[in-house]
Amino acid sequence: MKCIFCGSEDNKVLDSRNNDDSIRRRRECNSCGRRFTTYEIIEKIPFLIIKKDGSKQNYDSQKLKDSIAKACINRPISEQAIKNIIDEIELTLQNRNLQEVKSSTIGEMVLKALKELDQVAFIRYASVFKNFESVEDFKTLFLNL
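All residue numbers for the sequence shown refer to numbering that gives the first Met the number 0, where the first residue is 0 and numbers rise by one.
Careful, some of the hints might be misleading.
Stated by the list, open to error - Using 25 Å as the maximum straight-line C-alpha spacing, the simulated DSS-like pairs for lysine-lysine come out as follows:
no.: 1; residue 1: K111; residue 2: K50
no.: 2; residue 1: K55; residue 2: K43
no.: 3; residue 1: K82; residue 2: K43
no.: 4; residue 1: K111; residue 2: K62
no.: 5; residue 1: K82; residue 2: K64
no.: 6; residue 1: K129; residue 2: K82
no.: 7; residue 1: K1; residue 2: K64
no.: 8; residue 1: K64; residue 2: K114
no.: 9; residue 1: K64; residue 2: K43
no.: 10; residue 1: K129; residue 2: K43
no.: 11; residue 1: K111; residue 2: K129
no.: 12; residue 1: K62; residue 2: K50
no.: 13; residue 1: K101; residue 2: K82
These are calculated hints, taken from the structure and not from any lab test.
Required output: the full structure, derived from the provided sequences and hints.
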């Protein structure tokens, strides 16, 4: 790492802290003695989502967060709990080392997580994910719980 003041590559790390998606390092240059901060961003392996109609699009964690948040409206579920669900899903998908994932696979993972977290949010998400069209669909879901 080059010093931003003198350009020397001779520096030492004074402090290191992990943030959500990065590592913050406080450094001191051994040549000029000045201090500076660097950030290391953890790179995630990108993958494609295969939609129901067969089309493909890049994975977008914000879309996943929005869909889960809609199911959790007015429920006692924190932002951190939603973030934990997303992090767990992303970690599982990264560990599978796949380049393409079906949207239904991700939907099932969300359903499983919401079922353990909150029954109402689970039912809300399931009604959209499984495309419920009648009360009978809800009854079938309740029988399978």
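Under the criterion that the straight-line Cα-Cα distance not exceed 25 Å, is the pair K111, K62 satisfied? It holds: about 18 Å lies between the C-alpha atoms, which stays within 25 Å.
Check the hint pairing K129 with K43 against an upper bound of 25 Å on the C-alpha distance. Status violated; Cα separation ~29 Å.
Taking 25 Å as the top limit, are the C-alpha atoms of K64 and K114 close enough? Cα-Cα ~16 Å, so holds.
Hinted pair K111 and K50, Cα distance within 25 Å: Distance ~20 Å between K111 and K50 Cα, so the pair holds.
Agreement of K82 and K43 with the hint, judged by alpha carbon distance not exceeding 25 Å: holds, 16 Å
Does K64 lie within 25 Å of K1 when you go C-alpha to C-alpha? violated, 37 Å
Given the hint that K62 pairs with K50, test it: the Cα-Cα distance must not exceed 25 Å. holds, 13 Å
Holds or violated: K64 to K43, with C-alpha atoms at most 25 Å apart: holds, 17 Å
For the pair we were handed, K55 and K43, check the Cα-Cα distance against 25 Å. Holds, at roughly 19 Å.
Would the hint linking K129 and K82 be met if the CA-CA limit is 25 Å? holds, 23 Å
Is K82 close enough to K64, meaning Cα to Cα at most 25 Å? holds, 8 Å
Compare the distance between the alpha carbons of K111 and K129 with 25 Å, and conclude whether the hinted pair is satisfied. Roughly 13 Å between the alpha carbons, so the hint for K111 and K129 holds.
Checked against the numbered hints given earlier, the structure breaks hints 7 and 10 and satisfies all the rest.
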